[in-house]
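K.L.:
Read off the chains here:
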Amino acid sequence: MNSLRSRQFLSALAIIFLGILLLGSVLYYVTQHKMLKDEESSLSEAGLELMGFLDFKEDKFVIDSSSKNDFLAFLIKNEFSKLSSEKFAYIQHNDTGNIVWHSQYPFNDISAGRFAKDKRRVFTTFLLTMPAEVDGVDILNPEDTQGRNVSKLDGAENYIVYARGFSYKPSGTYQLILAKSAKTLQKGHDDSIRNLFLLFLISTILVLISQLVSSYFVITPIRQFEKEINKIESGDQQLITKEYPTELSQVKSAVNALINAEKGQKQRYRDALDDLAHSLKTPLSVLQSSAEKSQNDTISSQVERMDDIIAYQLRRAVVNEHGGTIIKQQAVRPVLYRLKESLMKVYREKAFEIKVNVDDFAKCRMEEDDMMEVFGNLTNNACRFCENIVEITATQNGDILIIDIDDDGLGFPDKNPSELLQRGIRADSQSEGQGIGLAVSTEIVEAIGGKIELLISPHVGARVRLHLPM
Amino acid sequence: MRVLVVEDDTDIREQLIDTMKGEGYIVDAAAEGSQGLYFALEYPIDIAIVDLGLPEVSGLEIIRKLRDAGKDYPVIILTARTRWQNRVEGLEAGADDYVDKPFHHEELLARMRALLRRTGRWSQAEFSCGPIRLNTSEQRVLVNDEEISLTAYEYKVIEHLMMHAGEVISKTDLTESMYDDESDRDSNVIEVFIRRLRMKLDPDGTINPIETLRGRGYRFTLTRNS
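Residue numbers (the working numbering), protein chains in the order written: chain A, 4 to 473; chain B, 1198 to 1423.
It should be emphasised that the hints constitute simulated quantities derived from the structure, not laboratory data. Any given hint could be a false lead.
[Claimed, not checked] Derived EDC-like pairs: lysine to aspartate or glutamate, alpha-carbon spacing no greater than 16 Å straight-line: (1) K331(A) to D407(A); (2) K296(A) to E1335(B); (3) K348(A) to E1335(B); (4) K296(A) to E1211(B); (5) K1368(B) to E1408(B); (6) K348(A) to E1303(B); (7) K1268(B) to D1370(B); (8) K348(A) to D1370(B); (9) K190(A) to E356(A); (10) K296(A) to E1220(B); (11) K331(A) to E390(A); (12) K343(A) to D1208(B); (13) K1218(B) to E1408(B); (14) K454(A) to D407(A); (15) K353(A) to D407(A); (16) K296(A) to E1286(B); (17) K296(A) to E1303(B); (18) K1368(B) to D1342(B); (19) K186(A) to E82(A); (20) K296(A) to E1229(B); (21) K343(A) to E1286(B).
[Stated by the list, open to error] Stretches of chain B that chain A covers, calculated by requiring three or more beta carbons in the stretch to come under 8 Å of a beta carbon on chain A: (22) 1275-1282; (23) 1295-1304; (24) 1355-1366; (25) 1406-1413.
[What the hints assert, rightly or not] Where chain B lies over chain A, by a calculated footprint (3+ residues, C-beta under 8 Å): (26) 49-55; (27) 289-295; (28) 305-318; (29) 405-412.
Each residue gets a CB set at the ideal place from its N, CA and C atoms; glycine is no exception.
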């Protein structure tokens, strides 16, 4: 249910299902109702016509021979000619309940204008008593089983019945019953159900096809958008650039505006901190110089301390500002090479080598500025303390980039070297401004979810190991 | 030795000028980037100290332009912007070293001496050319181990000539190595100083240390002793 495609598919399926259920029910009801009404009026017309053919002679209902052919045509037209229980008519004496006339007899007998009295009745009769004075029609609900089996039939059956009461004095009152099996209605019902099922099947196939089409037209731009976001995260592009449908173009503008605002804000923040550093350090420089001239060691050492605090707090403020930013993947090698060139220049008088064993694939999620700060601090320390070599090596462990910065100097103090990672502890208290480098680097690395370890290098000096998320 | 100081803060600039002059440097000081760039390009500077955060023309721009103009003297960045990004940008632009603010003047001087040594402009505090020995830290000149009495201007001329031993030095360059930017300059007095120096260094006229090249300038003829 998490994917847009499955949501779209299920909602469409639910709408189709409910829609067909509702539409089908209405269609089914209307169709069934019309069929019933048609059958009812057909039976009603046939009943009235049949009454016109019947004569009462010698206490019997007979067909007048003069209208024999018309009656035959009537029977054929109304399908009474079949010897079956599907459609039939009979006349019953209301008092005695005797069947005095019925339509079920061999067709040849009718053709000969006589009745075969000995033929068995093979039709259903109904427990009805229609009063003769009521000159009307009563149609029974075909769903109610009103009939009883006179002959051996397969179970009870539903019928549509037309009944009409009439009297022949002095013989008494009679009722004419026309009945038709509801089988045809059942067939119509089954057809409707089958049609509804077919409709559902076809609709489902249409939904599936529409899903594929909508996936292409609707989901494709969303996937494209997602790809662009991934590229921004990995640092391959700066902003969302492609054209999108109206609904997504607003999101595109909002995301781009957010990225730009964040970049601008970060730059302004950094510039403000730089200005602050500049304006604080300039008077400190004057103080430092004056203290030197007057040979006042107390002021001089306090100035150094203030400088350390300012440098640490300002750099830390930049680190804390990382929260919520999109950190793109950045290659480590170019930064290390720039630093190598710069540091070789600074330490030109010292005969040593900086080896960078890092390829172009070594990347981590750290901004170039921060990377420069971390590697600058750590490599500078290594250059300062080394004898002959500084070696920087990158390896990958899952999604963590491990960078080792090794030197062949004296290494870290044996007693609790991890204290060096905390603010205010300096291994080299003689050099200005360097004591906070390791602590600031630790804060930057921890802010992006990495860590720093202090180990012993293979050159028997110090090894600073960085674990950086890729 | 001529040093260019480009620093916008008056106090720091004045302190630097004092320190440099105390060390015997000729100082050209500029408070603005554009003025600093002019000095950097037009004066015979031996070393420059440039603040990165300058109004108008930035320190980085000064360094880039002077390098583009083919000036190869050492440049030290002086900066309160102590992020590595700033340092690396400065070094990539052509600076040779950096000093973070606040700084110890002794440390800055030590870095300057190291850079001057490195670039061959000042191999050591004391060196000799033939029988003539120059001590730059004490500002003394000895001929055959006997100290010669020199005025401050005479010392500056002989220091400049000996620093660039074997090179042709124009009258203009010599004049500028003697005066800072606030002094009245008179290139005619150079001839007077040269004559006096010849008299003091070579009274017998046997070694002829200073050669006159007509229309071009002067050359210190003795090579530096190894």
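K.L.:
Compare the structure with each hint and give your call.
P.N.:
Going down the list of hints, with the structure as the test:
1. K331(A) to D407(A): Roughly 22 Å between the alpha carbons, so the hint for K331(A) and D407(A) is violated.
2. K296(A) to E1335(B): It is violated: about 20 Å lies between the C-alpha atoms, which goes past 16 Å.
3. K348(A) to E1335(B): 30 Å, violated
4. K296(A) to E1211(B): 13 Å, holds
5. K1368(B) to E1408(B): 13 Å, holds
6. K348(A) to E1303(B): Roughly 21 Å between the alpha carbons, so the hint for K348(A) and E1303(B) is violated.
7. K1268(B) to D1370(B): Holds, at roughly 15 Å.
8. K348(A) to D1370(B): 29 Å, violated
9. K190(A) to E356(A): Judged against 16 Å, a Cα distance of about 97 Å means the pair is violated.
10. K296(A) to E1220(B): Cα-Cα ~14 Å, so holds.
11. K331(A) to E390(A): 36 Å, violated
12. K343(A) to D1208(B): Judged against 16 Å, a Cα distance of about 35 Å means the pair is violated.
13. K1218(B) to E1408(B): 29 Å, violated
14. K454(A) to D407(A): 12 Å, holds
15. K353(A) to D407(A): Not satisfied, since the Cα-Cα distance of roughly 22 Å exceeds 16 Å.
16. K296(A) to E1286(B): Not OK: K296(A) and E1286(B) at ~32 Å, beyond 16 Å, violated.
17. K296(A) to E1303(B): 11 Å, holds
18. K1368(B) to D1342(B): 29 Å, violated
19. K186(A) to E82(A): 15 Å, holds
20. K296(A) to E1229(B): 26 Å, violated
21. K343(A) to E1286(B): 13 Å, holds
22. 1275-1282: Since three or more residues must qualify, the claim that chain A covers the segment 1275-1282 of chain B holds, with 6 doing so at under 8 Å.
23. 1295-1304: holds (count 9)
24. 1355-1366: violated (count 0)
25. 1406-1413: violated (count 0)
26. 49-55: violated (count 0)
27. 289-295: holds (count 6)
28. 305-318: holds (count 5)
29. 405-412: Answer violated; 0 residues pass the 8 Å Cβ test.
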